[in-house]
Every structure is written in C-alpha cells, then in structure tokens.
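Trainee: This is what each chain is made of:
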Amino acid sequence: MIFNDFNPLEDKIFRVIDNDGKVINKEYMPDLDDETIIQAYKHMLFFRTADEMAVSFQRQGRMYTYPPCLGHEAIHAASGMNMRDQDWLVPAFREVGIMLLKGVSMKEIFLYYMGNEEGSNFKKANHVIPISISIGSQYLHATGIGYSVKYQKKDEIVFTSIGDGGTSEGDFSEALNFAGNWKVPVIYTIQNNQYAISVPVKNQTNAINLAVKSVGFGIPGVKVDGNDFFAMYATYKEAVEYAKAGKGAVLIEALTYRKGAHTTSDDPTKYRTKEEETEWHKTDPMHRLKKYMDHKGIWKENEEELIEKYKLEVDKQFEEAENMPPYKLDDVFQHMYVDMPDDLRKQKADYEQFLTWKESKK
Amino acid sequence: MIFNDFNPLEDKIFRVIDNDGKVINKEYMPDLDDETIIQAYKHMLFFRTADEMAVSFQRQGRMYTYPPCLGHEAIHAASGMNMRDQDWLVPAFREVGIMLLKGVSMKEIFLYYMGNEEGSNFKKANHVIPISISIGSQYLHATGIGYSVKYQKKDEIVFTSIGDGGTSEGDFSEALNFAGNWKVPVIYTIQNNQYAISVPVKNQTNAINLAVKSVGFGIPGVKVDGNDFFAMYATYKEAVEYAKAGKGAVLIEALTYRKGAHTTSDDPTKYRTKEEETEWHKTDPMHRLKKYMDHKGIWKENEEELIEKYKLEVDKQFEEAENMPPYKLDDVFQHMYVDMPDDLRKQKADYEQFLTWKESKK
Amino acid sequence: MEGEQKMSVMTIVQAINNALDIKLAEDKTVVMYGEDAGLEGGVFRVTEGLQKKHGVERVFDAPIAESAIVGTALGMAMSGLRPVVELQFDGFSYPAFNQIISNVSRMNNRSRGMYKAPMVIRFPYGGGINALEHHSESPEALYSHIPGLKVVVPSTPHDAKGLMIAAIESEDPVIFMEPKRIYRAIKQEVSDDKFSIPIGKAKVLTEGTDVTVVAFGAMIRECQKALVMAKEAGISVELIDLRTIYPLDKETIVNSIKKTGKIVIVAEAPTSFSVGGELMAIANEEAFLYLEAPPKRVMGFDTIVPLAKGEPLYMISPDRIFYEIERTVKF
Amino acid sequence: MEGEQKMSVMTIVQAINNALDIKLAEDKTVVMYGEDAGLEGGVFRVTEGLQKKHGVERVFDAPIAESAIVGTALGMAMSGLRPVVELQFDGFSYPAFNQIISNVSRMNNRSRGMYKAPMVIRFPYGGGINALEHHSESPEALYSHIPGLKVVVPSTPHDAKGLMIAAIESEDPVIFMEPKRIYRAIKQEVSDDKFSIPIGKAKVLTEGTDVTVVAFGAMIRECQKALVMAKEAGISVELIDLRTIYPLDKETIVNSIKKTGKIVIVAEAPTSFSVGGELMAIANEEAFLYLEAPPKRVMGFDTIVPLAKGEPLYMISPDRIFYEIERTVKF
Ligand SMILES: Cc1ncc(C[n+]2csc(CCOP(=O)(O)OP(=O)(O)O)c2C)c(N)n1
Ligand SMILES: Cc1ncc(C[n+]2csc(CCOP(=O)(O)OP(=O)(O)O)c2C)c(N)n1
Ligand SMILES: [Mg+2]
Ligand SMILES: [Mg+2]
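Residue numbers (this note's numbering), protein chains in the order written: chain A, 776 to 1137; chain B, 776 to 1137; chain C, 980 to 1310; chain D, 980 to 1310.
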C-alpha cells in the first residue's frame, strides 16, 4: 500500500516518474492503457489552455479576478479521473480542472469570476458544491457529506481539497478529527503549491511536511509528488478503494508549485526568486507526462491543433458567459431563503419604487 | 531525553514508579531530596482536602458549581513545583492545585464559584490569567504570551493546560501550530482524564493518543503517567530546560482519571462503570507517592493532623469568601472598559433611579 | 377534534424532546448530535432517551468542536439529511460563528437554490441560572442580523414543540434558542400529536389598550408578572410574544402599536445594537404617526452578564418592567 | 503652530501606514502581524515597508488562522505588548469571532482590571470593489453589540491616521474597520506629525437645517454627492460622520436632530438589527419630541452582498440617498 510504504513521518515522498518522464518506481505504476494516458494529457492540455485564456481575459478587464491553476494539472486530472458521476466534489478555489472533469463548464467558471452567482449553479455537474472562499470551511462540509452518504449507505465518495496555507485553520483540524472518528469515505487533498499568497509553506507550520498532520487524527496520510500524474493517479486509486472498503478517510499532500500568480492581482516577484521558479519549472507535470509518452511513443496528436481546438471551445464558452442576460433585482433576493420573508419582498418593492423614481428623472 | 525516549508514535508511556510506589525506571527518577518529596505530598494532600471541602460546600448550596480536581493532584503538584514566580499560568478550569502553588488562594477559588468576579482578581499570584471557560481559547493566549516574553527577552516560561476533550477544538491546533512556528517558551499540558463530561476520549479522536498531535506542529510531545508524581516532575523539569534553552514549546499528555464528577451537577454513573472506576483508583497519585515514601521510610507526619490543619485553613478561607462585602452595581460596570463610555455611566444612573423608585415603594 | 387529542403535561425540555422524538420517528433523514447530546442526553437532558430509541447513528455525541458540529451538519444538510445540532450553551455558539455566517446562511443563495441547508442549530440561552461565564448570554441580535437565517425563541412548552417541529421541517436553516431559565419552570398541557407553529408569527398573549409590551423567551414570564402589577395600577397592557426574531411579525407588532400608541420592549441582551433597536426602528418606520410616547427598551446593560452574585442587578425583574411600563404610559 | 506642520498628501492606505510607522518607531511594545502583512505589506499594501524598517520580529506574516491571530494578540496584550493585527478581509474576521467576543472584549472585566487588552484588530471592510464573496461585508453591528469593544471607522486619510494612533494608544481593544473602497480614492493633506483623534467623537461635516444625515466610512463620500443634489433641490442637509460606532457620540447626533427634526441614516450593512436601528432608537430615546418625520434607514438589503454583477443593485448610490432625503424632508 502506498499509504504504508511512504511514511510521511520519515518525510518520504511517493513518486513514479522522474522529471524526464522515466519510470523510477515501477511497482507502483498504475495499470493504465495508452488511451487513458493520452486522455489524461489531453485533459491537462485543456486545463492549461483554458487557464491561460482565463488569465488573459482577466487582463483584458473582462473578468474581475481569477486564481490560475497553472502547474496543478496533474493533481486535477488524476483526481478528476478517479471520480464518478455520483461522487462529491467539495472544492476550495484552485480546482478548476477537477471541476471541469466533474462536468462544470468553463462558462460557469467564467461567469463566477465575472461576478455572477449563476457561475455556481452547475447545470450539468452532479454533486459539485460551489467553491468555498472562506478557507478551511469546505473540509467540514466534506466530512458532513461523508457522514451523510455513509449513513444513507450510498455508493458515493467525497473529494475535497485545501491549500498548504489552509492547513493552519482550525476547521482543517476539526474536520480531519471528525473524519477519523466517523470513518467517512472522504479523500482530503492538500494542494501544497508552496505558497499562501506571499507566505511560503515553511512559515505556515513547523511540521516536517503536511501529510504528517494525519497522524493527529488517526487517518492515513501520504506525501505525493503532485506534478507526477502517475503517482497522483495511483494514490487516488488506492484512496478510493480504501474508502469503498469502508475503511474511512485519507489525507493526501500533493506537492506542486503555483507557477502563476496567486490571483491576477498578485505579483509573485515580490516574494520569490527567479531561481526558485526555474527549479520548479523543471518538474512541470505536463512536460513530464509528455516525456513519458514520448519515451513510449504513444503521443501522436498534433498539439498545436489540439490547442487551437480547445481555444475555440473556450472562446465559445467565454462568449456565452459574456452574453448572459443582465443581472436582475430578483437575482439579489430570490435565493436568500427557500421561503422568502415578507420583509425581503418589501425591501425589493421599495427599491423598485426608487428605480421608478430614478427612471422618471431621466 | 524523555521527549526522545518515549515516542508517542509508538504509544509509549513515560512512567517512573508503579502503582505500588516502586521505582521501575530508575534512570529517569528526578533528583529530589526527601524534603521536596514530602512537600509534594503535602501539597497534594492540601489540594485533595480543599477539593473535597469545595465539593461539600457546593452540596450545601453555598457555592453554585465546582469542577473537582480529585485524581489530578500529581500533575498539579509537579507543574506547580516547576513554576517560578515570574512564570505564567494560563489555566483552563481544572487546575486548582496549580493555581494554589502559583499563589492563588482558596478564598479566590471559592469566590469565583460563588459567582463573584473578584475570584479572578488574584491578589497575591503573579502572572496567573483568569480561568478560561471557553474551551481551547486559553492555548492561544499562552502562545501569545510566549511570543511576548520571547520578544521582550524575559526569563519567563508559560504553562497552560487543556482537557482531553479540548484537543478537538480548532483553537488547540492553531495554538500549537503557531507555537511551532514561533518557538515560544510554552509548556502545553493536556490533562487527559479520560472524559469530557460524558464523552470518553476514544470518541474524541481516532489518534492513537493525544501526545502524537504534536507531530502535526513540529514540536516534541510525550505521553506521561499523570498519576506518577516523579514522571510528571521529570517531564516538566525537562520541558523547562528545553524552553530556557530557547528551543521552544512542548506538548505533554498527562494521563489521569477524573475520579469525581465533571462538576457538582454531573452524575458519572450514567456513563461509566464501577469496574472502570475501581481499576483507575488503583493508580491514585497520592497512594502511589505515599507508598513510595513508605518504602523509603521518609513519611513521618501524622496525616490526620495535617488534614485537620488544612481543613481549618480552608474553612477560614471559605468563611472569608462568604463574608465578602455584597456585590455593588458599580462592580457590574467598572471594569468593562478602562475608559468607560458615557453610555454605560448613563445606564448605571438610570438603574439607580429605578432602585430609588423601588426603595420608595417599600 | 381538539377534544380527542391526547394531552400530556410537559416542561419545555420535555416538549422539545417530544418534538425531536416525533421527527426522528417519522423521518429517517433527521439526525441529531452535539457535545454529550447522545448517551447522556445533553447537559440539560433535552435529548434524553433519544439515542436509545433511535440508535447511535442518528443521535450521537460529538467531540468538543462547535465549528465542526455546525460545519459537518451543513454538509449533511446539503446531501439529503436534516440535521439538528445542539450547541451546549449560548456562549459556545461563537466558535461556530464563521460556519453559520459564511456558509450555513448562504449555501442556498451561493448555489442558486441547488444546495439547501435544512438544519436546526439549537442551544439553551439566557441568564438567571447562577451560571459561569458564557452560560448566560442572549445572542439573538447577532444571529438575526445575518441574512439567510431564521431565529426562533419559544416561551412555553406548547410553542417549543410546535416551533421545533416547524424548524426541523423548514427548508431554511433555523437558529433555535431555548430559554434555559424556564426549561423546567413552566408546565403546560401539550398535545401528544404532531403539530407545528409557523415560524414568523408572533402571538398576542394578552390584549390591552394603554401600552404594547413586546418580549420573547424567558422574559415573557417576567412580563406576565409585571402585568399583574400593571393591572393593579389600572394600566391595560397588550403583551406580545415574538416567538420568532427573524423574520419579525411586523404586522402584529404594528397593529398593536397603532392601537396603544406606546411600546415597551423587554429583552435580556445588551441594549445597544439589539433586537430592541430593531423593534424601535419598526415602530418608527411603520407606525410613526401613532406613537404617543418614545418607545422604550428595558434591556440588559451594555456589559457582560455578571456572575451569579451580580446577576440579579443585571437581569430584568418584573418590577423594573412595571416601572418602565408606568413611565411610558405616564409620558 | 498649524502653519509650521509639515503636511503630505496621503491616501487612507498611506495615512494608516504612516500611523503604524509612527507608533512602531516610538513604542517598542507595538508589534503588528497578519496574513501577508509582513514581507508583502498586506494585500492592500497598508503595511508596506514596515517590516523592512522595524524588523521581522515586530512586523510579520501569520499563518492562515484568524482565531490564532486574534487569540495570540490577546496573549501579547495581556503581557506587555500592544499588538495591531490585520485580518485580510471583513468576511475573514468571523473565524476570530469567538476570541473577540469571549476573550478580547472581556479580559479586562474578567480579571477585574488586572489584565487589559490594549490591542487593535484592523481589517478592510465594505463593498463596491467588485470582489468575491466575503470580501464586501460591513459587520459593524456585530462588533458594536459586543460589550467591551470600541469600534472605529474612518472616512478620510486625516481621520484614519488620527484614529489609528488613538486606537493603538487605547487601553481598550479596538475594532478598526477600514473603508477599502476609498482606500486610495481620496487624497488629502495630512500632517506628518503624530496626532490623534479621540475615539467616540463624531464630526459634523456640513451644517444644515432641514435634515440630519448620519453615515460613516465609505458612505460619507456617497452622501456628499447626494448633498450636491440636495443643495440643487434647495434642501439644507447636516451631514454627520460618526467616525466611531461604539461608543456612539449621542450628543452630536441628538443635537443635530433637535435642530433639524429629521434623520436619515446611511450605511451599507443589511438593514435589520443594525447600526441604523440603534440610531433610530437613540433618536427616539433622546429626541422623541423633536422628530418631525420618521427616521429613515437607507441601508443594504437583508441579503448577502451580491457578486460584482449584482453589486450595483445592492450598494447605496448618491441618487438613492437623495431620493430618501427628499422623501423624508417632504414627509
Ligand atoms: C478564512 C480565510 N482567511 C483568509 C482568506 C484570504 N485568502 C485567500 S487565498 C489565501 C491564501 C491561500 O493559500 P493556500 O491555502 O496555500 O491556497 P492557494 O492559494 O495556494 O491555492 C488567503 C489568505 C480567505 N479566503 N479565507
Ligand atoms: C467552547 C466550549 N464548548 C463547550 C463547553 C462546555 N464544556 C465545559 S467542560 C466540557 C468538557 C471538557 O472536557 P475536557 O476538555 O476533557 O476537560 P475536563 O472537564 O475533563 O477537565 C464542556 C464540553 C465549553 N466550556 N467551551
Ligand atoms: Mg498554497
Ligand atoms: Mg477530560
């Protein structure tokens, strides 16, 4: 078992391929056919294309903000590919790729960052919770959903995710402690991308790594090379089996690097060096998977063409998002309550009266 | 080092004497002269006498509530004896003995449980923070005080404590995580007395023990027999040296048993068995220390007489507490702010007007 | 019909227990947990016997972590359950504050109605029981200010049962504050059947013409004592029990003010930035021209509730209520 | 004297930075920390340059744990320091709520004056910047309802500097809410010297006779725009900037109402159970016989602040303020 063999207490890291895409840990190589591997790369290519476009749309002033996922693609592809339609995704905010694989559309993602709540109304995605901005809180929701599916004896697994910085929040610990008690079928991921905005992970905690935190809650934990698609895939596969077997929750620390800025309003040059960035770029998850495929000679697609195709698709989605009907006053009120209090109705009516007056002044 | 030799990850427990008071771990026996050992026992005898009297005063309806410390005496004596006047105590609520050794009086303890804030105004105790009822919050205050004394380069160490149940609170984890980062001179104790009101510690967490939680914060942790005075003393001594050497914080899980009820309004027979109680009573910290002294032949006092003397002392303190001047309206207001807002002055004046009217109606 | 109902004499504790029991029995999606709420039945024994009857998977103890209790309940509520969680005391609802304000109250809006939060957060509230710090608080203003929540406070066993059933059946999250001071002080005949009382409706307990007194929870009983004094003094008081703090039943309040021209608000919480202020605002917004005297708040000082020795100075007594009623009427 | 002062043009961001800089320089017990507040100088750059100047032991980054940030600051405050902590946004002050209400606000009272809590909790607040959820909130009512705190909201660079210095020097804990929407929008000549503005004093910004408008923070600027419209309409408005929400400067407010007979309250937070309600209560309690029209609240809906697309519908615009001023004056 990966969770046994790579003890975070010894600061071991689970890795299957090296930076050159060579398999260094054959026994753990997940049994994937070429098709699936190619598909994984295509997913990642789509994520990256969409991500880069999102950043540029924001730069053009057509969205308000956006948290780039550049560099996180292997984690997103590996977890997304291990999720079934009935499984639950309880995301933080840097999980665009996973969300896409669960059926969220880029249009919805764009809508959200254009400042429209409709972007959290995932029309075709099953069991995806809106992103949680209040850091740490989503871990508790995942634990609760875990209890729920277990109690209802449903064949459903819950995936949730947090950043390295988020592990300092009290909610993180409370959620994992409950998870240990309740033995819930939840897979908790830490996307350790080395930074919480400007704060490096070494200033976040004195623990030797983040996976060891699992020990305090009596659940298995493992530190994985998050830029190694195969390692991530194998880890999720094992975690899923563990959950299905009724054994409970696991904590996965996925080591990666936030290649982009924190959000589009952040400037990483203030707090990290070019050298560090260069060093990490050598571990880029897409280059590694590509090299693996090259060694094996299985990648035969025209990447440029693919990217063009993806760009068209993303452009279309963006356009749809931009052409959403305008936000209505009703949209402010209608979902505050299932059973709306009269007070709110009155506030709306009063405002409409003001709007009428305003109109009359024109 | 105790903290190295008794690895909580292997669920090791540090113990120096057995239930019969026989030394089973000579190399760790702290180097204490007979005088000090006798003194420790006397402290514990005083604690237990005062504690039992407090319970009975409450039963007589002369105090509103009281959390018995019965069974916790070794932890209290050992930590109290390792604290200097300038050291800080940041208590939860089941630390009466430690508070006494820091200079808090039984009168103050009684006042508090009679419902008088004056009971938190420790007239002769230096650096003792009022007890913290909101579980977990005190751990953060201790961390902050730790930062403060370190920043101010003061020769002061901070002691704080929490129950087993309290370890589930987010504040517990946040405090220890900051402590690891800041390397503060704080000694964190968990008084694991097996229960949080009715909930056994096994329902509190799935971790193999509570000391392992230290791993998640990068600080040393150790699980100690909290009913073994010598083990507790040696542990605190080492923790103090560690802090003095600028190495930072430690986490001590002190295993004990809450021999009494949670508070005087609790009935433990609802949630635990007589057998379990009997089993634990064999580990009583006072019996063990007494037996140790008996083996060594150093206990020559008349225990009955001592108890009588202590009772007189406690009675006197209780009487003083009962004879406190009545609570005044001013006492409600005067400490809400250092710089009292006019509003509060007015609320007080209005109430005085009402009181005058009330008087006039008699 | 009425005559055929089986009735039992219940305290508020028993009425809530009965409501939980009924819902647990009829709806398998209802689960209930909290610190000591399982085996022991809670420190006030409100959930006593429910674990035995409905099983440890549906009624259970939680570790001491209020944020987790509420946050996990939200997860359950989003995925098909209707959790009822107990927070041990008013003052221990605060560690859960972020989950309540940032998630529970907003999930329905955030997800545009896709994920509802049908859950109840219940806790005993209020002073007057000679308790330790944090055990005597009245945080209704804090929770009522948060959009997305409903806030309910019963004052009798009958209301406690009916409102609890309505709360559990509510598709919106409900903060259910239980007046611990009168948990066992009032006994009343309550129907054994299932019934519910609509959230958002106040109740006129006594009709009167000189002044409107608005209160809720444990203060109702104190007001009723003050009403006896008022009657002796020849003052006719209309007493309204809010029962729900948000949404406020403005209609009932405003109709009464229009009749009496005067309003006295009684509550235990600190005066400033409180439910009292909101009720005064409503009186102004909806009945300004009817007001014959300044609306009056008879509320707690802007201080912490003192410990037991000082508490009688803080708590609102019937004679103080009467004193302010009289002053308002004489204005 | 005035003439000799060196003045600089500052934004609110610069003014607060300057106040922190002055206090850090003159008082070694002042320390300052928060998420990204050290090296980077905070996401709004309010603390920019301070770590470099005063050292990493005094100005530093904190892990993401608001309860810890506030709880450890209380520990520091009890043991000789005067911490100033930054919470990154209004909506992220809630994880610290329990520490604020249960400990920070009460330590002085709990310890009978032995352990004070001279500390400042500062955060940017309010909407209007097209932000994500939790980044646009106005929680002043929540903090003002908590006994033991002082709550300050500046509206200009000058006030921001003077009030921040007063806040750091306060022996009582201060919640310092910074109007992020106008962080850089207003530039003003501010003295380079140290000066302070007393906490608890409002300021009459414009004298007038027809109606009193009370506001604070970012809404002051919107009110000033409405005042231009009012002037055109021949309405004389007295505009009061509260500057401190608790303790409220009742005297200034009440004197103005006595003069104008009318009051309009402008704030971004949800209307119900708010500062608006409190101000209406004060108007009733202290100036009932002077009121010639119902006091009016021009405040946010009882909803979450919508995301950017919906925010303009939520935010209080100058024309809406004018509309309500006119209606109140015409009452
Ligand atoms: C409770 C809370 N506090 C603060 C913030 C502000 N904030 C947004 S992102 C961020 C850093 C998160 O870092 P990390 O957890 O490592 O995730 P990453 O951004 O690297 O994916 C902070 C502090 C927040 N969203 N929620
Ligand atoms: C934040 C908070 N939640 C709940 C309580 C109520 N409460 C008081 S004592 C207690 C149990 C504490 O158990 P433990 O931490 O093991 O300490 P012990 O009583 O055993 O010393 C609880 C739940 C509280 N005081 N504070
Ligand atoms: Mg990160
Ligand atoms: Mg315990």
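Take the hints with a grain of salt, since some may be wrong.
DSSO-like, lysine-lysine: derived pairs with alpha carbons at most 30 Å apart [stated by the list, open to error]:
no. : chain 1 : residue 1 : chain 2 : residue 2
1   : C       : 1204      : B       : 1137
2   : B       : 817       : B       : 1136
3   : A       : 1022      : B       : 787
Residues on chain D that point at chain B, a partial pick, calculated with CB under 7 Å [stated by the list, open to error]:
no. : residue
4   : 1187
5   : 1188
6   : 1226
To be clear, the hints were calculated from the coordinates, so they are not data collected in a lab. Here a beta-carbon is modelled for each residue, glycine too, at the ideal position from N, C-alpha and C.
Trainee: Confirm or reject each hint.
Mentor: Hints, verified against the model:
Proposed proximity of residue 1204/C and residue 1137/B is supported: the alpha carbons are some 18 Å apart, at most 30 Å. Of the pairs offered as hints, the one joining residue 817/B and residue 1136/B is violated, with about 56 Å between alpha carbons and a cut-off of 30 Å exceeded. Restraint check: the Cα-Cα separation between residue 1022/A and residue 787/B comes to about 25 Å, which is no more than 30 Å; the hinted pair holds. Checking residue 1187/D against chain B: minimum C-beta separation of about 26 Å lies over 7 Å; hint violated.
Taking 7 Å as the C-beta cut-off, the interface hint given for residue 1188/D is violated, the closest approach to chain B being about 27 Å. Using the Cβ-Cβ criterion of 7 Å, the hint placing residue 1226/D at the interface with chain B is satisfied: the shortest such distance is roughly 3 Å.
Hints 2, 4, 5, counting from the list given before, are not met by this structure.
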